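**Student:** The chain contents come next:
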Amino acid sequence: MTADLNPRFRFDTFVVGSANRLAVSAAKSVAESPGVAYNPLFIYSGPGLGKTHLLMAVAHAARTINPGLVIEYLTLDDLVEAFHAAVAAGQGEAYRRRFSDIDVLLIDDVQFLDKQRELQAELLRIINTMQTASRQIVLASDRSPSEIGSLDERLNQRFAGGLIIDIAAPDYETRVAIVRRHAEERKSEFSSGVLETVASLANTNVRELIGALNRLIAFQAVSDQPLDEKQARVVLGGIAAAANLPAASDDEFSSFLSEISSTVAQQVEAWRTRVAVAVLRWEGDGYRISRLNALLEQDTPPDPDLVLKQYAADVERLQALEAEATDIDASLGGNPVFRDPDLVAEAEALVARAREGATPPPGPSPFWQLADFAEGPGNRMAVRAALMAVEQPALKYNPLVIVGPSGTGKTHLLHAIGNGLARREAAVVACLSTQEFVDDLIAAIDRDRVSWWRTRYRRVTAFLLDDIQLLHSKERTQEEFFWLFNQLVEDQRQMVFTSLVPLNELEGVEPRVVSRLEGGLVVHLPPPEREVRLAVLERLLREHDESVDPELAEYLAGRNVDSIRTLQGVLQRIINAAEVRDEPVSAGLARELLEGVAPRQPRRSSGGRRLSGVVSLPAASVRSREKMIWEWPDSTDRIVEDLR
Amino acid sequence: MSLVNFTTREITCKIVYYGPGRSGKTSNLQYVYGRVPESRRGRMVSLATQTDRTLFFDFLPIDLGVISGFATRFQLYTVPGQVYYNATRQLVLQGADGVVFVADSQARRFEENLESLQNLQVNLLQQGIDVRQFPVVLQYNKQDLPRDLILTQTELDDALNFRALRSFTADALHGAGVFETLKGISEIVLKRLAAGGNLK
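So the protein sequences, as listed, match chains A and B.
Using this note's numbering, read the first sequence as starting at 10 and increasing by one per residue.
Using this note's numbering, read the second sequence as starting at 1351 and increasing by one per residue.
Same shape as in the complex, but just chain A (with noise of 0.2 Å):
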């Protein structure tokens, strides 16, 4: 379906005036990233004011830049016929996919879709299905949408959600730089005057233009001598003498604007219109550009070509800067200093941090402090340890690890440590799980940047693992860990890890790992005490803004329970209880709830009562009443009843 792209019409056979300029740069911008800057792009202009050279134009240089991009520029009348025909044969979905697969879709002629309601739907599918996936579209009509008649006024909207760019008649100067360019490319020569006698024809498109510098290639190869100005103006005498009629009211306003753009251009200082449409371009694209706009307030900068020009190297630093970025670490996309030029030192230093593997890994959580840690008889020595290990990092214990049951604090120690490490100057700390670091670790070989993800933690301060258990079996994340270790403990880094079993029974770890672990210091963690109970007991309660009563919490700590989670459990179920009934929560209702006697029946109430989820109807509509469940335990006191 694709037309045949005339190899003339590129981008440096695009002669550039004040009146295209804005259009040319807009369709640059396209070739170079297709379905990024301007989707759709909508050209419109008279006739023969370089709409189809321009839309070419993008196609050749599109694929100048990318070879395997799949482009096709076809006009509505080509696309009319292949819709009719795709109908015809009863391949209309057929025909529509085969637009998914295009990268850039330029289509000419856009105008006569006027009053086609029809084709104009046909063609908001395909706008869609390209905008969807980021495909580029670039349209070009001799009106402008608003003056397409009955355009759908969906239609507008994607054409207003892109950009609609007009090219208005070339100036005086735009036209002699164009019959020059032609006569050139012709290989003719005129004498002085003869070219200018070309271009001062008024109300002339391009097309007439270049038409009446025929007709003068013409007379002159026939003509012994070369023609002169005055014989240029007898030969183009019939063409100028219909230009010079009074205008089609129409064109008067086209004729004023021609002018007024002259004016203009001659009046702003070349270097301001360069500025103008830089600006125009970078701020489209999304770059912050009051390094221009400064330029723009100046009087008689020394050099604006230069600002421009190093603006524009420090935009593609900062483009190719983004793109590594990104490939180290994909959060990184987007970040703001990519987007000011004048941050470009900012933003290499931050890619040599990405490089470096400076982006921290995961860091403690500030929930757990060692203040709120309850210490007894049994934790005692792991407290110290910490403590110490805080206070003299990786000078005493390297590394400290902590064993103990499920529920005993051992994650709450670890990042407490973590969090009075990382308050010392310069600190990194990482403090994460062992199913964390192991998932890291595949994302970087996936990514094929395990180098990276090495420097990444060989930079940290303190390197504390939760559950190192789950090392088993994880022989490259063993192996990667024993070299980090032994780095870390060259460079004095203090190290913590906790542990559900005893080291020596951690299982699939090999064993020069697990002597590592063994060579500084294991404290265990054992089942919280009646002392330990009862601390935590007193903070829970006063943390749930409850008043501490002394016989409940003596009662709670003096049952016997072997981890603190499990305590969380049943205060919060005493508590929860103490909602329902709208009760204060006190030793009677805990002994209640928990000894096994017969709670009294809840008094109904319409807020705050959380029931089984099994609709509760009246009695008299219940055929079986055994059947009716007020209320489920929840997990929590399931193990406690377990317990009981």
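Certain hints may be false.
What the hints assert, rightly or not - Heads up, simulated SDA-like pairs for lysine to any residue below, C-alpha to C-alpha not over 25 Å straight-line:
id : chain 1 : residue 1 : chain 2 : residue 2
1  : B       : Lys-1533  : A       : Ser-263
2  : B       : Lys-1541  : A       : Ser-209
3  : B       : Lys-1533  : A       : Glu-268
4  : B       : Lys-1533  : A       : Tyr-181
5  : A       : Lys-124   : B       : Ser-1389
6  : A       : Lys-405   : A       : Leu-315
7  : A       : Lys-124   : B       : Arg-1390
8  : B       : Lys-1541  : A       : Lys-318
9  : B       : Lys-1541  : A       : Thr-282
10 : B       : Lys-1541  : A       : Lys-124
11 : B       : Lys-1533  : A       : Glu-278
12 : B       : Lys-1541  : A       : Glu-268
13 : B       : Lys-1541  : A       : Trp-280
14 : A       : Lys-318   : B       : Thr-1358
15 : A       : Lys-37    : B       : Thr-1358
16 : A       : Lys-196   : A       : Ile-226
17 : B       : Lys-1541  : A       : Ser-264
18 : A       : Lys-405   : A       : Asn-214
19 : B       : Lys-1533  : A       : Gly-55
20 : B       : Lys-1533  : A       : Asp-260
21 : B       : Lys-1541  : A       : Thr-309
22 : B       : Lys-1541  : A       : Glu-205
23 : A       : Lys-124   : B       : Glu-1388
24 : B       : Lys-1533  : A       : Asn-214
25 : A       : Lys-405   : A       : Trp-492
26 : B       : Lys-1533  : A       : Arg-463
27 : B       : Lys-1541  : A       : Val-25
28 : B       : Lys-1541  : A       : Ser-263
29 : B       : Lys-1541  : A       : Asp-260
30 : B       : Lys-1541  : A       : Tyr-181
31 : B       : Lys-1541  : B       : Ala-1514
32 : B       : Lys-1533  : A       : His-533
33 : A       : Lys-318   : B       : Lys-1533
34 : B       : Lys-1541  : A       : Ala-303
35 : B       : Lys-1541  : A       : Asp-308
Claimed, not checked - Heads up, incomplete: computed chain A residues facing chain B, CB under 7 Å, no partners named:
id : residue
36 : Ser-27
37 : Asp-151
38 : Ser-153
39 : Ser-155
40 : Ile-269
None of these hints come from the bench; they were simulated from the model.
No experiment lies behind these values; they were computed from the predicted model shown.
Where a beta carbon is used, it is the ideal one built from N, C-alpha and C, also for glycine.
Start from chain A and add chain B according to the hints.
**Tutor:** Structure of chain B alone, referenced to chain A:
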């Protein structure tokens, strides 16, 4: 009013059509309005009496699009010609970048033209503007009327154009000379960009 704002990259030209009552100022704007594509023009605001005589003023904004990187807008105003609306005329003149003086070519309106021209000078002066330094063009309107009713361009130039301003003949009702006049004043206004007089 700033003619050129380099920071926002905008050029705004305020052009006021001045002249005696019924000389054809509103006709000029109406003709321009009819020739500017819909997408380029704003709503023409016209506050006129039932007898078509402008009570307050007409206002026609035109968007010329981006020219040389500058969003370019023209704002065309008319003033009420009747003598007793001088306060409105002064208000409309504020911040003008150029004036088109629309004179009625009819011989019998000669005195009114002169009075209005003098009024323009006084009003400009009141705003501290020296009319000799300010962009003004003359338009001799209604040149389509029978020869024996009107003065020629030379006669009108002799009578009104003692500062040798650019002058244009026109038939604003049918459009002849309307855009030529607008181009003429625009060119003078825009050329002052380079002079720096109105910059920022």
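**Student:** Close enough to count: is the Cβ of A:Ser-27 nearer than 7 Å to one in chain B?
**Tutor:** holds (5 Å)
**Student:** Hey, does the A:Ile-269 contact hint survive, CB to chain B under 7 Å?
**Tutor:** holds (6 Å)
**Student:** Keeping to a limit of 25 Å between CA atoms, is the pair of B:Lys-1541 and A:Thr-309 held or broken?
**Tutor:** holds (18 Å)
**Student:** Would the pair B:Lys-1541 and A:Asp-260 pass a check requiring their Cα atoms to be no farther apart than 25 Å?
**Tutor:** With a Cα-Cα distance of about 24 Å, the restraint between B:Lys-1541 and A:Asp-260 holds, given a limit of 25 Å.
**Student:** Against the 25 Å threshold, does the CA-CA distance of B:Lys-1541 and A:Tyr-181 hold or violate the hint?
**Tutor:** OK: B:Lys-1541 and A:Tyr-181 at ~17 Å, within 25 Å.
**Student:** Would you check the hint for B:Lys-1533 and A:Glu-268, treating anything up to 25 Å between C-alpha atoms as holding?
**Tutor:** holds (8 Å)
**Student:** Against the 25 Å threshold, does the CA-CA distance of B:Lys-1533 and A:Gly-55 hold or violate the hint?
**Tutor:** Roughly 21 Å between the alpha carbons, so the hint for B:Lys-1533 and A:Gly-55 holds.
**Student:** Hey, B:Lys-1541 versus A:Glu-268, does the alpha-carbon distance stay inside 25 Å?
**Tutor:** holds (12 Å)
**Student:** Below or equal to 25 Å on CA atoms is what counts here, so check A:Lys-37 against B:Thr-1358.
**Tutor:** holds (24 Å)
**Student:** Are B:Lys-1541 and A:Asp-308 close enough, with their CA atoms no more than 25 Å apart?
**Tutor:** Answer holds: B:Lys-1541 to A:Asp-308 is near 17 Å, not above 25 Å.
**Student:** Measure nothing beyond the straight line between the CA atoms of A:Lys-124 and B:Arg-1390; if it is 25 Å or shorter, mark the hint as holding.
**Tutor:** holds (22 Å)
**Student:** For the pair supplied as a hint, B:Lys-1541 and A:Lys-124, confirm whether the alpha-carbon distance does not exceed 25 Å.
**Tutor:** violated (44 Å)
Of the hints listed earlier, those the structure fails to meet are numbers 6, 8, 10, 18, 26, 32, 33, 37, in rising order.
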